[in-house]
Amino acid sequence: MRLPERSVLVLTSLAGGDRHGYALIKDIEAFSGVVLSPGTLYAALARLEEDGFVERLDADDRRHPYRLTPAGRTALAERLAESARIASLGLRRIALAE
Amino acid sequence: MDRVLAWLLRLYPRQMRRRYGHEIATLTLDLIRLEGRSPVRLSVSLALDGLGCRIAWLARTRVATATAVTTTVACVALVNMGGASAKQAGPGHRPATAHVRSVRHAPAAGRAAHSRNRKTLRLEGFRESG
Numbered sequence: 001m002r003l004p005e006r007s008v009l010v011l012t013s014l015a016g017g018d019r020h021g022y023a024l025i026k027d028i029e030a031f032s033g034v035v036l037s038p039g040t041l042y043a044a045l046a047r048l049e050e051d052g053f054v055e056r057l058d059a060d061d062r063r064h065p066y067r068l069t070p071a072g073r074t075a076l077a078e079r080l081a082e083s084a085r086i087a088s089l090g091l092r093r094i095a096l097a098e
Numbered sequence: 001m002d003r004v005l006a007w008l009l010r011l012y013p014r015q016m017r018r019r020y021g022h023e024i025a026t027l028t029l030d031l032i033r034l035e036g037r038s039p040v041r042l043s044v045s046l047a048l049d050g051l052g053c054r055i056a057w058l059a060r061t062r063v064a065t066a067t068a069v070t071t072t073v074a075c076v077a078l079v080n081m082g083g084a085s086a087k088q089a090g091p092g093h094r095p096a097t098a099h100v101r102s103v104r105h106a107p108a109a110g111r112a113a114h115s116r117n118r119k120t121l122r123l124e125g126f127r128e129s130g
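Chains A and B supply the protein sequences, listed in that same order.
FYI, in the numbering used here the residues of the first sequence are 1 to 98.
FYI, in the numbering used here the residues of the second sequence are 1 to 130.
Chain A extracted, bound-state conformation (with noise of 0.2 Å):
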């Protein structure tokens, strides 16, 4: 299964540490200057829970922290992998053309 790009900005922000949706809307903006919308990042955390990649934690002043479960972990490291590999490849072709 392939992640989306936005789940994958999700995972990354959770792989460094809890948090609920403000932080993570703050800390995604922050790395990548991606702005997501509230229902785009509960759609993409409501998919992630479904698949076992993130879990909700108890409420927090009415605010559920999220955190990455080994599954998610493990679905990230693959997909940055396969990410790191493809950049590489294309990387390498833009100085061999130039």
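Treat the hints loosely; a few may be bogus.
[What the hints assert, rightly or not] Partner residues aside, some chain A positions facing chain B, computed with beta carbon under 10 Å: (1) His20; (2) Ile25; (3) Tyr42; (4) Arg56; (5) Arg62; (6) His64.
Rather than coming from a laboratory, the hints here were simulated on the basis of the structure.
Just so you know, these numbers come straight off a predicted model, no measurement behind them.
Cβ coordinates follow ideal geometry from the N, Cα and C atoms, glycine included.
Based on these hints, arrange chain B on the given structure of chain A.
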């Protein structure tokens, strides 16, 4: 704004609204209060995301239903194929029979019409001998 949010959340699939609706509303209000984001833009975005979620949800349920139906049809087809091959096997197989009591509770006239109390019905299924 709360009313508008409640209405916009209705665009999301019920399961998602029940589990995440409160969090989506809280986050939207946080973004308006703390970030100064435009309520109008957030509302439009919420509406579009809600419709997108609903369509994706419907597509997923349709796919799940189609998979279940296909599997059932495939199973029925396999069972029928098994029955047909058993029929062709011939000597090793004989038709199954079942003894049933019939017209036991029928009125007297009906009982007279059916002189025998026991009937042997030949079923269409087959069972392996031995």
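- Message: When the structure is checked against the list of hints, which entries are broken? Sort them ascending.
- Response: none
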